[in-house]
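Undergrad: Given chain A's structure and the hints, the job is docking chain B onto it.
As you go down the protein sequences, you meet chains A and B in turn.
Under the working numbering, the first residue of the first sequence is numbered 1, with each subsequent residue one higher.
Under the working numbering, the first residue of the second sequence is numbered 212, with each subsequent residue one higher.
Keep in mind that the hints were calculated from the coordinates and are not lab data.
For glycine and all other residues, C-beta sits at the position ideal for the given N, C-alpha and C.
Quick partial rundown of chain A residues pointing at chain B, CB under 8 Å, derived from the structure:
{"id": "1", "residue": "V3"}
{"id": "2", "residue": "S7"}
{"id": "3", "residue": "V62"}
{"id": "4", "residue": "L73"}
{"id": "5", "residue": "L74"}
Chain by chain, the residues:
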Amino acid sequence: MLVERRSKETLNALFFFALLLLFVFQFAVGPDRERLAGTLPGLLWLGFILSGLLGLGRTFVVERENDCWEGLLLAPGDKSAIYVGKLAGNVLLMLVVEVLLIVLFTIFFDIDLSPAIPTLAIVVVLGTIGLASVGTLFAAMTAGVRARELLFPVLLLPVQVPVLLAAVKATEAGLAGEPLAAYAHWLQLLAAADVIYLVAGVLTFEFILEP
Amino acid sequence: MTSEPRIRVTALRKTFGSHRVLDGLDVDVREGEAVALLGANGAGKTTLLKILATLVRPTSGTAIVAGHDCAKDAERVRHEIGLIAHASYVYEDLTALENLRFWTTLAGLRPSAAALASALGSVELDRAADERVRTFSAGMKRRLSLARFVLARPQVLLLDEPFAGLDQRAKKWLEEHLASFKARGGAILMATHSFGRELAVADRIAILAGGAIALDTPRGALSADDVQRLYGLHTEDAP
Chain A
1 MLVERRSKET LNALFFFALL LLFVFQFAVG PDRERLAGTL PGLLWLGFIL SGLLGLGRTF
61 VVERENDCWE GLLLAPGDKS AIYVGKLAGN VLLMLVVEVL LIVLFTIFFD IDLSPAIPTL
121 AIVVVLGTIG LASVGTLFAA MTAGVRAREL LFPVLLLPVQ VPVLLAAVKA TEAGLAGEPL
181 AAYAHWLQLL AAADVIYLVA GVLTFEFILE P
Chain B
212 MTSEPRIRVT ALRKTFGSHR VLDGLDVDVR EGEAVALLGA NGAGKTTLLK ILATLVRPTS
272 GTAIVAGHDC AKDAERVRHE IGLIAHASYV YEDLTALENL RFWTTLAGLR PSAAALASAL
332 GSVELDRAAD ERVRTFSAGM KRRLSLARFV LARPQVLLLD EPFAGLDQRA KKWLEEHLAS
392 FKARGGAILM ATHSFGRELA VADRIAILAG GAIALDTPRG ALSADDVQRL YGLHTEDAP
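Extracted from the complex, chain B is given alone in its bound form:
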């Protein structure tokens, strides 16, 4: 572990008109660490991820990713991040291989045919490489999104409900993939509503309420019930 966090968010504020979504939020994610961000609907989880992904500008405060300021040096930040949001960012009328080639070329990479095939193989889509994405399930589209990051090798993954809509096999696959990303030194910030096995990949749990981190604790031996109890204590979204 290095002393400099891969993600450092300090006194972050974001308002939409008169609505204050983030209000002095602080959170760090270090190399080889995954933080699960829990919070009720509208708590600001997606807004935080979008600020870190340079898609939304913060009202005030700083968000640093891999040493670069998200507001002032967005282009450098984009080289270091992989975002998996609700949308998979794939063209449905292109095949898996064409999608992968398009996005990696756009990102300035020039992967060989063998590298593209290998990336698709690593997300278990090699057999569907020449099939149009229109025929894919949600899980397959998510895996295709991840294939881009196999080639781009970002330092930071920003995940918004990454397990949503996936079947058990796809969840297991994603869990293993995220674990290996962490093992390679990557940092993960994951927004989720789940208290179950999806949290297994997290090293810390941060609960977002009132626009700030209400609780930031190591996951350690916390069971799903413990997490649910803590979540109920710190949010108005008690089960």
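Only chain A is shown next, with the shape it has when bound in the complex:
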């Protein structure tokens, strides 16, 4: 995170990418409020996943650019610490971009999301942990592969179907003002996926790093 804080390479790129996405969405949806209400949850998560793919794909770029990848492999001790550290960095970075996206959405589409903020906060945090836990793992898997930019989303997106499905559905219900009980099962699915992905990441990361 210190390297990213100093270089701001990923954050700057993601910010401009998010801005571009919003322009495209604005043109695609137009001024129709009803149409916007129906597509907003999907658009939000499309923005999150696209910017997330960019950010997650760069998880180990700093190691490649600094020739530190072998250094990580050689470090004695529990390799899951590397995974947890990288995951924490990714979650933090994604949350910053997602909050920025939500703020920009409210400005670009002139909508008031304040009543749904508590629900949105829970769904975004749970969804981001799910995306980042698998994304960090797959970023390590593809770090040494030549076609990693292609392989990474191809591997990641199918695994993320439960997270995306639950996140979009819970966001939709939350924005529609439905009571928590109506979409609690989606939140449970999100939480369960997070736990499974996190545990799988911690347990398998060491084997992924081994030559």
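TA: For chain B alone, kept in the frame of chain A given last:
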């Protein structure tokens, strides 16, 4: 000297597809001993070092470092080795102190601020401790790599062209540092192309050709010319 070598490589083979790089290689390095490994480009010097550093798995044979098998007990081997390869393994946007703190913490050490400062002082980087590595020369980066091993105190150093890209002062410093590492009982295996003063630290010279050790001889009183002549005799890389 103890009877058990710090590095023991027996009948080591490594193939990449149909290309056989190492073919039944045997070599030992004992406590307090440095072996210089000479060989043409592609002879397998770096592959051997990477196997010993647990970065590459051998096809067959055994590589034992500090009593641990590199293929079966890689984690224990990593506690005992220091690798200085072509890359210095430093983050350019971090300072020297931050780099040292990061790598030693990752290795499970918890050095105090005083220990970190002392390690940087021992590699003559104390004045540059708070400077970003981006501004460092190749020699300074190499010294920063070595600072990690001052704290981790490995039993074995694996060096791949350690003197490459260093100026005369940095070479002298590294030579002295390696001599003191040997004096503390450490074992060094050093791959090099050099026949000059860089060999001064070596107790033995091993020439790698055809995937195996073609010559393993005490350096003794061999001059640079003698080494060059022997190298020409055993490799197709005659000067």
